[in-house]
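There are 2 protein chains.
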Amino acid sequence: MSDSIPIDSVGLVEPQLHHFDEPLTLRSGKVLAEFDLMVETYGELNAERSNAVLICHALSGDHHAAGYHSVDDAKPGWWDACIGPGKAIDTNLFFVVCLNNLGGCAGSTGPTSINPDSNKYYGPDFPVVTVRDWVRSQAMLMDRLDIEKWAAVIGGSLGGMQVLRWAISYPERLRHAICIAAAPKLSAQNIAFNEVARHSITSDPFFHAGRYLEHGTYPKQGLMLARMVGHITYLSDGAMRSKFGKTVTDFELEGANFGRDLRTGTLSFGFNVDFQVESYLHYQGERFSENFDANTYLLMTKALDYFDPSVDFDGDLSRAFMNGDCKFMLMSFSTDWRFPPERSRELVNDLLKADREVTYLEIDADQGHDAFLLAIPRYVNAFSAYLKRAHRELMSNDPDREPTQKRYPVTENNNAP
Amino acid sequence: MSDSIPIDSVGLVEPQLHHFDEPLTLRSGKVLAEFDLMVETYGELNAERSNAVLICHALSGDHHAAGYHSVDDAKPGWWDACIGPGKAIDTNLFFVVCLNNLGGCAGSTGPTSINPDSNKYYGPDFPVVTVRDWVRSQAMLMDRLDIEKWAAVIGGSLGGMQVLRWAISYPERLRHAICIAAAPKLSAQNIAFNEVARHSITSDPFFHAGRYLEHGTYPKQGLMLARMVGHITYLSDGAMRSKFGKTVTDFELEGANFGRDLRTGTLSFGFNVDFQVESYLHYQGERFSENFDANTYLLMTKALDYFDPSVDFDGDLSRAFMNGDCKFMLMSFSTDWRFPPERSRELVNDLLKADREVTYLEIDADQGHDAFLLAIPRYVNAFSAYLKRAHRELMSNDPDREPTQKRYPVTENNNAP
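Protein chains in written order, with the working numbering: chain P, 129 to 545; chain R, 129 to 545.
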């Protein structure tokens with residue numbers, strides 16, 4: 129392994145493609161007759177097959193959560209700050225599984241895959257997938273890996289929603305549900321931002337009703353705009369201010385130079401970029417639009433919008449958590465205005481109402497929603513301590529916890545996406 | 129006057145076009161050899177010519193602040209909630225002047241005007257105008273109207289920035305500066321949202337580098353998107369929630385029906401509109417894009433971004449307010465996340481540091497930034513009481529206040545936009 133790979137990294141990793149022939153009936157009623165899931169794993173599964181944790185990715189994530197695909201990679205996987213030997217999700221203790229969700233664009237079956245019915249790209253014909261569908265496909269992968277019960281299911285943002293769905297749909301198949309910077313459903317404002325993102329993609333003339341690959345084109349501007357809007361909502365006002373608000377020195381990121389804050393320098397008096405934050409947003413939008421599929425972006429935002437497990441329980445979310453005995457760990461970040469702490473507290477209240485064991489931590493952090501991706505000391509320390517305790521509990525095989533029993537009859541009517 | 133016009137309205141009003149032959153040198157160095165300003169006035173100028181107040185409009189406003197152009201108008205002017213007989217800005221007491229700013233698209237010279245040099249539309253050749261430029265042109269209008277001193281200069285949002293500029297550039301020409309829901313400069317997040325709006329316009333293929341009128345086209349989608357993003361930032365999360373978050377009944381606005389909140393109904397499992405908030409945003413964007421010029425939108429957002437009077441005073445805004453003796457009234461709204469109360473408090477501190485008289489009110493209101501346009505009781509009552517007092521003071525001609533003296537030498541270096 130190269131010297132350039134940090135010692136606390138999982139190192140070089142290789143994704144594995146799992147093909148599923150069993151049909152999957154989606155929440156929409158449509159059926160995927162067969163599908164692929166692209167998967168990465170880190171660490172070792174123990175003999176009891178009890179130390180596996182599932183990582184669920186957010187809107188723009190994929191299976192590549194940690195480590196490097198090549199020594200030449202500029203960056204490691206998206207959650208490398210939290211996954212690795214000695215890190216919060218300690219690969220010395222756990223066997224970590226992460227997959228690209230259905231509808232994604234990083235190897236799992238999605239809009240850029242070939243539709244076996246037509247031998248063309250799925251494109252816009254790829255069915256709308258929901259959080260529930262993802263969790264079902266993750267359970268199929270779980271069976272394939274011969275894992276009976278996850279030591280933990282872990283995710284932030286849209287990933288946190290999958291964690292909640294696991295605890296509701298498969299209450300007997302996880303010991304810990306770790307849900308970070310998430311919410312039990314989107315606010316109208318969240319949906320509004322998603323709709324702006326979708327509208328910017330679908331109104332791009334190169335979108336061609338989603339069949340851009342067949343046309344050999346790409347709605348680059350639309351996707352770029354969508355990401356720019358998204359990116360603003362991931363950062364706190366304070367984080368932007370400290371990054372761009374006051375400095376008059378050059379600002380660099382990943383080798384790109386964003387120039388000076390021209391507010392204190394020469395103004396262009398035109399519509400060129402005058403402020404660092406503008407060039408930074410362009411850079412983020414541009415980079416993203418070169419690496420992500422527009423139809424996947426549409427699908428992911430729709431899965432976010434649709435998520436609301438309470439609809440199966442007459443709007444009373446607490447009833448969704450009446451079954452199972454997994455323990456919950458929730459974390460939120462003070463400046464996250466996409467899914468603010470208030471939303472996590474709502475969830476805590478519903479979990480307590482359902483008589484569930486909950487650990488909740490609000491972390492003071494300036495970085496907004498993106499904080500969950502970063503190695504913020506109080507966050508990773510709490511995260512790490514919780515999972516270490518979970519691992520000890522697992523090893524001691526606490527008899528109080530076995531066997532898992534349904535404590536209430538299932539009353540879910542299975543309509544929620 | 130028609131029965132359909134409310135009794136507390138200024139009634140039917142007619143705009144007047146003022147032509148200026150004197151050249152105006154803009155902050156950018158460019159010169160407008162001549163220009164028009166479209167103006168409306170309400171109420172009567174008194175014999176002393178002392179009761180005139182200037183209303184400065186925000187991003188999408190114009191000269192039509194109150195009353196109706198025709199009995200058939202569906203809606204009155206944009207600030208009719210606050211301007212009229214007996215209203216906060218009482219036309220029984222004051223002579224109210226409002227103009228469409230330079231660069232606008234409602235009659236004053238702007239991108240949709242004919243450039244006398246080329247006999248074509250100005251389009252993108254219309255120079256970038258700044259808040260300082262607007263205030264200069266407003267002072268020219270003031271001279272034309274033979275008004276020596278405004279009883280008050282009043283504005284919200286970008287209009288509030290013009291109020292601040294008046295107090296700095298013409299400290300001896302106003303008695304009261306009423307600055308509502310504004311900030312002394314934009315945050316990086318504000319600029320980021322503006323840049324997204326601009327990018328959505330300029331990347332629209334029908335934008336044609338700003339020469340869409342010559343091409344007989346229009347960047348409708350780009351402007352629509354820009355407005356959708358803007359609109360989200362004008363409303364609070366709470367306002368959106370109470371408007372769209374819970375209701376399952378049809379939601380109507382201005383005769384348009386936005387359907388049910390389909391979260392509790394049937395989901396489309398496609399990319400059609402599923403939630404009220406989506407159709408509401410489409411409606412707002414669509415309506416706006418049919419009535420506003422895209423180049424003007426670019427100019428207005430750039431004027432916002434550039435505003436920062438502190439740059440002439442080494443970043444110390446308090447020094448900008450060392451001259452003059454106008455009194456300040458500032459108001460902000462609790463859920464305004466575009467220009468939150470915190471930004472007004474910053475300004476209050478700088479004004480106090482400059483030894484100025486300041487009245488400041490934070491109003492609890494659920495409506496976000498848009499609250500300043502609405503007849504919220506505590507807001508309009510305080511606004512009204514302040515202006516009534518100002519009027520009494522004017523009538524008593526308080527000798528303490530005359531003559532206006534510069535209390536400090538002007539140290540401004542005139543670089544700020």
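Everything labelled a hint here was simulated from the structure, so no lab data went into it.
Among the hints, a few may not be true.
[Unchecked claim] Below, computed lysine-lysine pairings styled on DSBU-like, alpha-carbon distance capped at 35 Å:
id: 1; chain 1: R; residue 1: Lys516; chain 2: P; residue 2: Lys348
id: 2; chain 1: R; residue 1: Lys277; chain 2: R; residue 2: Lys481
id: 3; chain 1: R; residue 1: Lys516; chain 2: P; residue 2: Lys158
id: 4; chain 1: P; residue 1: Lys481; chain 2: R; residue 2: Lys371
id: 5; chain 1: R; residue 1: Lys277; chain 2: P; residue 2: Lys371
id: 6; chain 1: P; residue 1: Lys371; chain 2: R; residue 2: Lys248
id: 7; chain 1: R; residue 1: Lys371; chain 2: P; residue 2: Lys348
id: 8; chain 1: P; residue 1: Lys158; chain 2: P; residue 2: Lys248
id: 9; chain 1: R; residue 1: Lys248; chain 2: P; residue 2: Lys348
id: 10; chain 1: P; residue 1: Lys248; chain 2: R; residue 2: Lys371
id: 11; chain 1: P; residue 1: Lys481; chain 2: P; residue 2: Lys516
id: 12; chain 1: R; residue 1: Lys371; chain 2: R; residue 2: Lys248
id: 13; chain 1: P; residue 1: Lys158; chain 2: P; residue 2: Lys277
id: 14; chain 1: R; residue 1: Lys277; chain 2: R; residue 2: Lys158
id: 15; chain 1: R; residue 1: Lys158; chain 2: P; residue 2: Lys371
id: 16; chain 1: P; residue 1: Lys158; chain 2: P; residue 2: Lys348
We went through each hint and held it up to the structure:
no. : hint                : result
1   : R:Lys516 / P:Lys348 : violated, 55 Å
2   : R:Lys277 / R:Lys481 : holds, 25 Å
3   : R:Lys516 / P:Lys158 : violated, 66 Å
4   : P:Lys481 / R:Lys371 : holds, 28 Å
5   : R:Lys277 / P:Lys371 : violated, 42 Å
6   : P:Lys371 / R:Lys248 : violated, 43 Å
7   : R:Lys371 / P:Lys348 : holds, 33 Å
8   : P:Lys158 / P:Lys248 : holds, 18 Å
9   : R:Lys248 / P:Lys348 : holds, 33 Å
10  : P:Lys248 / R:Lys371 : violated, 43 Å
11  : P:Lys481 / P:Lys516 : holds, 27 Å
12  : R:Lys371 / R:Lys248 : violated, 45 Å
13  : P:Lys158 / P:Lys277 : holds, 28 Å
14  : R:Lys277 / R:Lys158 : holds, 28 Å
15  : R:Lys158 / P:Lys371 : holds, 33 Å
16  : P:Lys158 / P:Lys348 : holds, 29 Å
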